[in-house]
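Chains as they are written, first to last, in the working numbering: chain A, 88 to 300; chain B, 127 to 302.
Hint data in this document are derived by calculation from the structure and do not stem from the laboratory. Just so it is clear, CB atoms sit at the ideal spot from N, CA and C, and this is done for glycine as well. Please note: incorrect hints may appear among the correct ones.
Derived lysine to aspartate or glutamate pairs resembling EDC-like cross-links, with alpha carbons at most 20 Å apart [as the list claims (entries may be wrong)]:
#1 K287/A / D260/B
#2 K89/A / D252/B
#3 K261/A / E104/A
#4 K192/A / E237/B
#5 K192/A / E256/B
#6 K287/A / E234/B
#7 K192/A / D169/B
#8 K93/A / D260/B
#9 K283/A / E256/B
#10 K272/B / E91/A
#11 K195/A / E91/A
#12 K192/A / D260/B
#13 K89/A / D292/A
#14 K261/A / D132/A
#15 K195/A / E256/B
FRET-style restraints, in silico, Cβ to Cβ [unchecked claim]:
#16 V97/A / D260/B: 48 to 56 Å
#17 R199/B / T161/A: 33 to 41 Å
#18 Q295/B / R178/A: 21 to 29 Å
#19 K93/A / F138/B: 47 to 55 Å
#20 T120/A / T227/B: 47 to 55 Å
#21 Y167/A / R266/B: 32 to 40 Å
#22 E90/A / D269/B: 47 to 55 Å
#23 D260/B / E116/A: 30 to 38 Å
Each chain is listed here by its residues.
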Amino acid sequence: MKEELKIRVVKGPDGVEFEVEPLRDYYCEAAPTVMPGAYIKIVEDMFNWARSESIWILGFGTGCGAIEMRPLMTPRFDAYRYGVQWRPTPRQANLFVISGYLSTKTLKRAIRAYEQMQSPKYVIGLGSCTINGGMYWDSYNTIKRLDDYLPVDLYIAGCMPRPEALLAGFMDMKKLIRAGRGEGANLYAENFEWYKANQKRVIHDWDMPDYNW
Amino acid sequence: MRELHTRLGKLFPLGELTEQRTNLAFVSVPQEHLRALLLHLRDREGFTHLVLLTAVDWLEEGQFQLTYLLADRKNARDIGLRVMIPRDGATMQSIHELWPTAATYQRELREMFGIDFPGSPRVEEDFILEGWRDIPPYRRDFDTLKFAVENYSQRPGRETHDPATHMKQQLYPGEN
């Protein structure tokens, strides 16, 4: 447990001493809830159309695949023309591209980042490492299948997939969202216990709240 | 390098010189003379830069080999000092007073090989691995595949082929 997360006694500006339990007091303990669709299908379809046309990606490169995103951001492949753009913080993003192998240490940060994103949110697994471990199949510190830990909407196979493959993947992602099948956030909320159990099985020093941000 | 080796050989009990290139050589040195030799090389011979400190696990011999690679920037040459230490309860004196950067290498070696460096700053803390419970993963008796199978769920359907037999079956399916 990190020092800043331990229970401690704090003296307030008025001189009153009180106990602070950071995990309980600074974060929300409520588990995620399933977000129902709009009250009528045509409205939900309109929402889905809007969501599919504004895919905002969290600029968090977890592995070597992050290098494929630079040419996509820049004029050569220019993903921005499809309404796809990269954002600096999880709060502003709705698509998380897990770009390549994910070590257990990075998995912890990826979970934190994913849980901070606003619903509806989507996850793309990029490269064979996220599918079955890829070339890290016998590694002691990388996870072998991403969908045990985060709800994955789409996988893009390859080692590494080229930027064109990513563009095609984004197009498929748009179709999924538009068809109302981008339900990763609800899946995560429904099976929250299962995901948490899987996450805690590989992250041994769990020193953060369960669902927190 | 030969000339340097002869000169150092008069001061310290050194092993044979292994010359990889004209400007890169390795020499083994007993554990107790390492610190004096490092100081001598740094202050007298111009090897001012610690390039790296790494370890090799000689499991069969029951020893760890530590390699201290030093660079002489002026003359563009490197020398590697090899120290053998016993594998059981591996401990080595810290050299963080000579090069502060060594502390980082020593933290890594403690975590990955389980070699202790008493007195080295923050050597007790986690370096790369978080919450590691098993034996240090770079030790050769650590079975990474077994660990991966036990700890991470695998996706079924992954199969591997021996390239030679696979191609034989592909090219000559009738024959055995």
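Output the numbers, in ascending order, of every earlier hint that fails for this structure.
-> The structure breaks hints 3, 6, 7, 8, 10, 16, 18, 21, 22; every other hint is satisfied.
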